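Student: The task is simple: from the sequences and hints, build the whole structure.
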Amino acid sequence: MISGVKTSSIIRTIYIESVNFCPNNNKLPARFKNITFKNLPGRVVLSIQINVTETLKAPLEYSAHGERCDMQKTNCIKKNSPPSSDFCPVWNTIYGQFKEVQLWASKVKPPVTKCPIQKNFYEVTDLEVDYRNIINLIPIRDGRFNFKYEIFDRKNGNRRLAACFLVSSKVQMSSSRQRSKN
1 MISGVKTSSI IRTIYIESVN FCPNNNKLPA RFKNITFKNL PGRVVLSIQI NVTETLKAPL
61 EYSAHGERCD MQKTNCIKKN SPPSSDFCPV WNTIYGQFKE VQLWASKVKP PVTKCPIQKN
121 FYEVTDLEVD YRNIINLIPI RDGRFNFKYE IFDRKNGNRR LAACFLVSSK VQMSSSRQRS
181 KN
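For the sequence shown, the UniProt record's numbering begins at 1 and goes up steadily by one.
Everything labelled a hint here was simulated from the structure, so no lab data went into it. What you are looking at is a predicted structure, and each value in this text was computed from that prediction instead of being measured.
Derived lysine-lysine pairs resembling BS3-like cross-links, with alpha carbons at most 30 Å apart:
id	residue 1	residue 2
1	K73	K38
2	K33	K170
3	K170	K79
4	K109	K99
5	K33	K79
6	K33	K57
7	K73	K33
8	K148	K99
9	K119	K148
10	K79	K148
11	K99	K57
Now the in silico label distances, taken between C-beta atoms and shown as ranges:
id	residue 1	residue 2	range
12	D70	K99	38 to 46 Å
13	Y15	K99	28 to 36 Å
14	K78	K114	32 to 40 Å
Note that CB positions come from ideal geometry on N, CA and C, so glycine has one too.
Tutor: Right under this line is the structure:
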């Protein structure tokens, strides 16, 4: 199913094509398993299992490496984001303050209410990621997008890769006039 978001007379359609694990997934302290996703209008629903084999200690940072390609994937431009600052203090502060965060966190069993993230087997069930408001803030055009998301923690004072996954998506734009003719 395809997810469409109308922006004035332009309709942006996002379709998640795949979510995969990085090749070194089985060697990382947070190992993803059994991921499923469903594309719905304006959002995607994810379910995944995560086996955290060691406590993930602060600072926890993430980075995203992106690639925007044409539809045929013949012309691609790479974009990298700098690593984030430690998101543990933010998570520990906002968890109890925002219903949206609590709703999202309620999809994780057992719950992750604070950092550090303890060694455990976690299941995320039917986590809905709604991008209808975000898509209007990002200048997205037709194309295919590949992202590599990495999460880092500290072990013995050294920064290490703790988790990693890959997402491929397709974005198509059409005017409402074109849409009504189809």
